Structure formats: structure tokens, C-alpha cells
Amino acid sequence: MIKWAKFILACFWLLLMPACGDRLNVENTTLSLVYGLDVDGDDKIIVYQVSPVFNKDAKKKYEVYGAKTDTTRQAREVFNSVSNGEIATGKLQVLMFSERLLKKESILPYLDVAYRDPKNTGNMRIVAVKGSVSSIVNSEFSDKPALPMYLTNVVDVEKESNRTAFVTLQHFHTLAFDKGITPAISEIKKGKTAIVVTGSVLLDKKARYKMSLNRRESALLLMLQKEARLPVSLTIRMPPPSLKTLNVRKNRKEPGFITVNIVGLSRSISTHYKKNRFSFDVKMNLEIDLAERTFDVDMKKKKEQLTAIITDQLEKELNGLIQKVQKQHLDPFGFGWYARAYQYQQWKKVDNRWPDEFSRATVTVTPTIKIKSHGVIE
Amino acid sequence: MSRFVKKEITLLQYILAINGTQVGTSTLTLPAELSKTAGTDGWISIIIGSVLTTIVSLCIVHLMAKHPGDTMLELLTRYLGKWLGKAVMVIWMLYALFAVTVILFVTVSILRTWVLPNTSNYLIVTLLMINTYIIIRGGVQIIGRYAEFVFFFTLGLPILLMFPLKDSHWIYLLPILKEGWIPILYAVKTTTIAFLGFEMAFLFYPYLQNKKAAAKGIVIANALTLIVYLHITLVCFLYFSPDEITQFLWPTLTLVKPIEFPFLERMEIIFVSFYIFLFSTSGIPYIFFVIDTLSQLFNKKDWQLPYLLLPLFVVVFFFLKPSYEELELWKEWWGWISYFIAYAFPVMFLFYVTGYTHWKRRKIDDKVG
Numbered sequence: 000m001i002k003w004a005k006f007i008l009a010c011f012w013l014l015l016m017p018a019c020g021d022r023l024n025v026e027n028t029t030l031s032l033v034y035g036l037d038v039d040g041d042d043k044i045i046v047y048q049v050s051p052v053f054n055k056d057a058k059k060k061y062e063v064y065g066a067k068t069d070t071t072r073q074a075r076e077v078f079n080s081v082s083n084g085e086i087a088t089g090k091l092q093v094l095m096f097s098e099r100l101l102k103k104e105s106i107l108p109y110l111d112v113a114y115r116d117p118k119n120t121g122n123m124r125i126v127a128v129k130g131s132v133s134s135i136v137n138s139e140f141s142d143k144p145a146l147p148m149y150l151t152n153v154v155d156v157e158k159e160s161n162r163t164a165f166v167t168l169q170h171f172h173t174l175a176f177d178k179g180i181t182p183a184i185s186e187i188k189k190g191k192t193a194i195v196v197t198g199s200v201l202l203d204k205k206a207r208y209k210m211s212l213n214r215r216e217s218a219l220l221l222m223l224q225k226e227a228r229l230p231v232s233l234t235i236r237m238p239p240p241s242l243k244t245l246n247v248r249k250n251r252k253e254p255g256f257i258t259v260n261i262v263g264l265s266r267s268i269s270t271h272y273k274k275n276r277f278s279f280d281v282k283m284n285l286e287i288d289l290a291e292r293t294f295d296v297d298m299k300k301k302k303e304q305l306t307a308i309i310t311d312q313l314e315k316e317l318n319g320l321i322q323k324v325q326k327q328h329l330d331p332f333g334f335g336w337y338a339r340a341y342q343y344q345q346w347k348k349v350d351n352r353w354p355d356e357f358s359r360a361t362v363t364v365t366p367t368i369k370i371k372s373h374g375v376i377e
Numbered sequence: 000m001s002r003f004v005k006k007e008i009t010l011l012q013y014i015l016a017i018n019g020t021q022v023g024t025s026t027l028t029l030p031a032e033l034s035k036t037a038g039t040d041g042w043i044s045i046i047i048g049s050v051l052t053t054i055v056s057l058c059i060v061h062l063m064a065k066h067p068g069d070t071m072l073e074l075l076t077r078y079l080g081k082w083l084g085k086a087v088m089v090i091w092m093l094y095a096l097f098a099v100t101v102i103l104f105v106t107v108s109i110l111r112t113w114v115l116p117n118t119s120n121y122l123i124v125t126l127l128m129i130n131t132y133i134i135i136r137g138g139v140q141i142i143g144r145y146a147e148f149v150f151f152f153t154l155g156l157p158i159l160l161m162f163p164l165k166d167s168h169w170i171y172l173l174p175i176l177k178e179g180w181i182p183i184l185y186a187v188k189t190t191t192i193a194f195l196g197f198e199m200a201f202l203f204y205p206y207l208q209n210k211k212a213a214a215k216g217i218v219i220a221n222a223l224t225l226i227v228y229l230h231i232t233l234v235c236f237l238y239f240s241p242d243e244i245t246q247f248l249w250p251t252l253t254l255v256k257p258i259e260f261p262f263l264e265r266m267e268i269i270f271v272s273f274y275i276f277l278f279s280t281s282g283i284p285y286i287f288f289v290i291d292t293l294s295q296l297f298n299k300k301d302w303q304l305p306y307l308l309l310p311l312f313v314v315v316f317f318f319l320k321p322s323y324e325e326l327e328l329w330k331e332w333w334g335w336i337s338y339f340i341a342y343a344f345p346v347m348f349l350f351y352v353t354g355y356t357h358w359k360r361r362k363i364d365d366k367v368g
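In the order they appear, the protein sequences are chains A and B.
For the first sequence, numbering that gives the first Met the number 0 assigns the number 0 to the initial residue and increments by one for each residue that follows.
For the second sequence, numbering that gives the first Met the number 0 assigns the number 0 to the initial residue and increments by one for each residue that follows.
These are calculated hints, taken from the structure and not from any lab test.
Bear in mind the structure is a predicted one, so any value in this text is a computation, not a measurement.
A virtual CB, placed ideally from N, CA and C, is assigned to each residue, including glycine.
Careful, some of the hints might be misleading.
Simulated restraints, written as ranges between beta carbons of each label pair [what the hints assert, rightly or not]: (1) B:Pro261 <-> A:Glu76: 28 to 34 angstroms; (2) B:Pro310 <-> A:Gln73: 30 to 36 angstroms; (3) B:Pro321 <-> A:Val262: 54 to 60 angstroms.
Partner residues are not named here, just some residues of chain B that face chain A (Cβ under 10 angstroms, in silico) [what the hints assert, rightly or not]: (4) Thr112; (5) His168; (6) Tyr171; (7) Phe239; (8) Pro241; (9) Glu243; (10) Pro257; (11) Trp329.
Same shape as in the complex, but just chain A (with noise of 0.2 angstroms):
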């Protein structure tokens, strides 16, 4: 009897346990893949989504819904109104925001809610736009993948070729709220038959857009924040006249051309505080490969002058990138970071206003470059 009790017992639990009330199949919802955040002329935004069909008779292979709305959360509802399945945000790979929007205000209330909700992936890529998002998304290239595809793949090609700040939505949370770093984020455009990686944003410590940095620029910003996945590619323009001095014979117009590709990197960075401002000496080493060279050079003999001549455009560049983002209040490199773990007690007086203390501060970047080989060819 009580045998019996107990298994009717088990199978009433068996019912009522297996929580399947709220189950959802993957053919009811609308899994949106890109988000991106526009601007129009007022307080509004507008929020676009992008996301795949997986139906046989539709034609288009995905579906872009647009929202005028005052939050991004907000604009679900909207999208929900007019989809076929329910709006779900868990697999988001890319976020755009415009740049009209950047320059405008600050992005941090719109990413509240994908920190605050537990079921959206940390690892969405955060993307600025140049020109309007509705650009990008209402974009059709015949002979490219599905945009939300697409989009995903040429922002971490140039990820992996450093050619653009790469940002996830986790790693972006660091950048936005530690003190002595400004972010910096991935930027792309329309191009005529493609979409383009056009470099990277830097925003300021409020997340307002600040200034763009090229390709050329970004990876430069990646070798100093030591972020670079190696190899770095670099094609360097030799200056007439060191060209002499390397006993080239001039049988060209053009300038000579040298690309290296960087294998090894290493940094040091030496923190002072004098003469009330701040002052990081930056020890870069580099190991380089020569992987190609426009011009004749004997490398047994000139291999020195070689060397120093990469040597000083790289200083050149790297000095000049840094000068130049000084000049905007901005710390994307993190020299902050070294601030806080080496000069506390100054630290601690500026920790709320970094960017502009770092504007006043002297950097000097100094390279050393080791040539590790050359290639098979002489």
C-alpha cells in the first residue's frame, strides 16, 4: 500500500517537475544578431535589428526591423509587434551605435540593459558607424554572405589583422568605467560594394565620440596597449634621403617601400611624476621580419642603417599618434593604468579627471628593432 503510495507520489512529482510550461522553439523566435543605435533630429533614437529566416519561401535570407524609441529595451516591443517569432537578444553579435549618436551623448544608459539582463552574451562586438546605421543595415551586396554574417566576419578579419580596436560588450564595461583608460571601439562604413573597416573610434571618459583613428593608427594603438596579436604587418615609406645613405641606386621615381611584419613585442613602461605632471617612458623592443622591400639594399652591410632607419619612422609615428590623442583629453593606451600602480599618491589627486591630466603629460616612445630575418630571397 504505501509502495503504492509512493509511486503515485513519484509520478504526480514527475508532472509537475519537468518545467517545460515555458519552452520556446527556435522556429517562434526571432533570434536578432546585429542591434544598432541611430540618431534623428530629436530625442528619440532609433534602434535596428537584424536577424536571420530560417524559412524556405522567404526570398530574403534575413529581416531588419527599425524603432523610434526612447531606450534600446524599449524598442523590443516594437520589434515583437510586427515579427514573426519573439525578439531574442541572446545571440547578439555585433552592437552599432552611429557616430551622429556618439557625438551627441553618452552611450553608457543605452548599454545598461545588456549589463543588467543575465541572459545576454558578453561577448558582442561594439561598433561605430560612419554615416547613418540604417546605411549599413539596409545595405545589399549580391555577391557577400547574409549582412548579419558578413558584418560578424569583416569586423574580426581586421581584428585579427590589428587593424581596427576590437571591443566586446564585457571588455568595453573595463574600458568605460575604469578610471585611467578611455575606450576605444571598432569603426566601419558603407563602402560602394562593400563594408569597410575604416579603423577605430576613441570615445571619452563619458563614452562620447572624440576622434577616428585610420587602420595605420589603430594598429599602432594596439602594439602600445600591448593588445596586438602578432604577427603586425607594417609597410613603412623610406624618406629620400636615407635612401643615400643606404647606397640606393635611384632607378624609380617613387620612393622605396619596406614592409615588416612585427613577430616579437615587448613593452616596459617606467612611470615618473615630476615637475607636477606625469611622465612614462615607454621601452618598446621589437623583432621584425622583412617581408617585403621595393628597392635594392646590400642586408650584410646595411642591415644597421636599415634597422635605424625603421627604427626612427616607427618613433616617429608611434610619438606622433600619442601627441596627437593627447591633444584630445584621451588615454585610449592606458597609461592610467601605470599611473594608479606606480604613483599612487599623485594618482589618486587627478584619478577623477585622468584624460585631461594625461594631456599635460610627457610620453616618449622608444623603440628598439631587431631585423630576425629577411625571407628566402637575398
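Given chain A's structure and the hints, the job is docking chain B onto it.
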């Protein structure tokens, strides 16, 4: 005592049972709580907290060693008299009851936030209680074996927690002692609640096979807990910037969020699912303590009535639905109560017992003399 002969636990089970009681929901919150008060120096507070806990734990072992085989109630009545001893025991029982209530509520709240947002509280608790019943029916021996199982079963978690280290920055930890020792000492307060569970040595000691190793065992248990907390805290401090970590309620889960496979996202769900085991080992000894104490107080062997406590929890969860802030408040209360009961009492009692025996011996000596 003869009635424990068959229910002995090995030293390893003793170590892991205590360690299991200590390592609980704090693994998810400790790094953020520490950095709120002590910044990135919070990890030093853990070491200090651990030393403190070890000292109190040794006091407990020392007390119990005076009469090996005595249960806590027998020890209390021996020195405090029948009624005062029982009164203290009742206070301890209520303390354990409160502790397990807080642990259960926090566990359910974490599960609901991260994994099962649409499942009702009482349903989750029912599932937890079924396991609890099966385990505590077997007594201390099964609790020990269960702790052993859980420890080895969840051994993979610390390794997975190393993955985020590829994005870590050592520079976050510098400078060490940035604000001096005061905030660090202040943050020790936060760690004490994380180390709670050592007081279950009172419960486990009488069942230990080799009682000589009890002191060694409890030091190892505390050291294991220290390693677990230090590991999690340091990984969090290296991964998160000191300015952002305070914004996360459960930084350990946010930490594993970016781990991603092509076929799997939201790694933290798997983590929480494993952590349910860790949470269960921290609650079960307290429940057993309450039930065991009840049958001891009423001097009934194999008493079934106290087991009604388990369905009672389901009823409580059905009616009581605290908000996050209320839960935080309860945790704070638990912390405060624990200072008196778990931390201060064993030390005071040891002083009392030592003084008492000293005084009594002198009296006997006087008489003989």
C-alpha cells in the same frame, strides 16, 4: 560513545565536510564585496580572515578534545549544568536554523536570477530538499561521503576559472597596500561570513575516527577554503578593473560569461549548475545540526518528527519571497550573529572551561593538601 561507533568518518571526510560547509554562496560575491571596502588589497583580508578562523577552529577542537566522544550538548551540560547547557544548545540550534535559511534563500535567488527565472521558489526548494533528505537520513557518515564526492566532482571548476586569465592585467593589483592597513582590516569583517562553517567542527568531531588528527584536519580544511577564496578573488581582481568590479553583484559568474564555444554560450549557467552542489554541502550540515540537536534535546533516538523541518522549508518558501535587499540584510544579520555565536563563544567557553578545571583542581589539591 558507543552509539557513534558505526558512524565514524575518516579524516578526509572530516576535512572536506568542514571545507564544504565553508565554501558556499560567498564564492560568487566575495570579490566584489571585498573590493568595495579594501579595493584590490582585499585578498590580504582573506588571509587575515583565514588565520582568525583557524584560531577559533583550533579552540573548538581543543574544547572537544577535553572529552573525546562527547557531543556538543554533553560537553555543554558537563560544564554549564543541565539547563544552561540546554539553553546554549537551543541558541546554537536557532543560529544553525537561521544560517541554513539564509543559505537556501540565497541559493534559490541565484538560481532564479541566472538559470531558472520562470520557476517558482518553492519548486526549486522542493528539489533541493529531496536530496537533503536522502543525505541527512544517512547521518554524518553520508554527509562526509557526500562532501567528498562534491569536492572531487567540482574540482574542474577552478581550472575553468583560469581561462579568463588570458585577458588579465597584473597591473590592476598594484600598488599593494595602497591605502594602508585600515581598509584591509576593515574588510576582514566581510570575509568572516565567507569562512563560516568551521563551527560545524562541533558536530563532526565526535564522529571522527582518529581524533588526534582533528587539529591537523581543521587547519587543512581552513587552508583549503583559503585557497578556494584566494584563487577566485585574485582571478577576479586580475580580470576586472578595480573601478568596475564593484558594479557586479556576482563577479565570479560575470567572469566566466565571455567563455564561449561555437556550440555553447552563457557558460555561467553550467557554472551555477555545478555550484548548486557546493551550495548544498554548505547547507546540509546546518540542517543536520538542527535535526540532530532536536532529537538530542528531547533525548529520542531515531526520531522522525524533526524531519518535518524539510517540508516546512517548502511552505516557508511558498509564502516568503524576500527581495534582493532583504536578502542582503539577512546575510548581514547572519554575519553579526555569527560574531557572537561562532567566533566569540568557542573562545570564551574555552577560557571558561580552562579556568573552571584549574579552579576545581586547585580545590581538590587544597582538600588533599
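Structure-based check of all given hints:
1. B:Pro261 <-> A:Glu76: 28 to 34 angstroms: holds (31 angstroms)
2. B:Pro310 <-> A:Gln73: 30 to 36 angstroms: Violated, at about 43 angstroms.
3. B:Pro321 <-> A:Val262: 54 to 60 angstroms: Cβ of Pro321 (chain B) to Cβ of Val262 (chain A): about 57 angstroms, so the range 54 to 60 angstroms holds.
4. Thr112: Nearest chain A Cβ about 6 angstroms off; hint holds.
5. His168: holds (7 angstroms)
6. Tyr171: holds (7 angstroms)
7. Phe239: holds (7 angstroms)
8. Pro241: At about 8 angstroms, which falls below the 10 angstroms cut-off, the nearest Cβ of chain A leaves the hint on Pro241 (chain B) intact, so it holds.
9. Glu243: holds (4 angstroms)
10. Pro257: Hint on Pro257 (chain B): holds, closest Cβ of chain A at ~5 angstroms, below 10 angstroms.
11. Trp329: Trp329 (chain B) check fails; min Cβ-Cβ to chain A is 22 angstroms, beyond 10 angstroms.
Hint compliance for this structure: hints 2, 11 are not met, and every other hint is.
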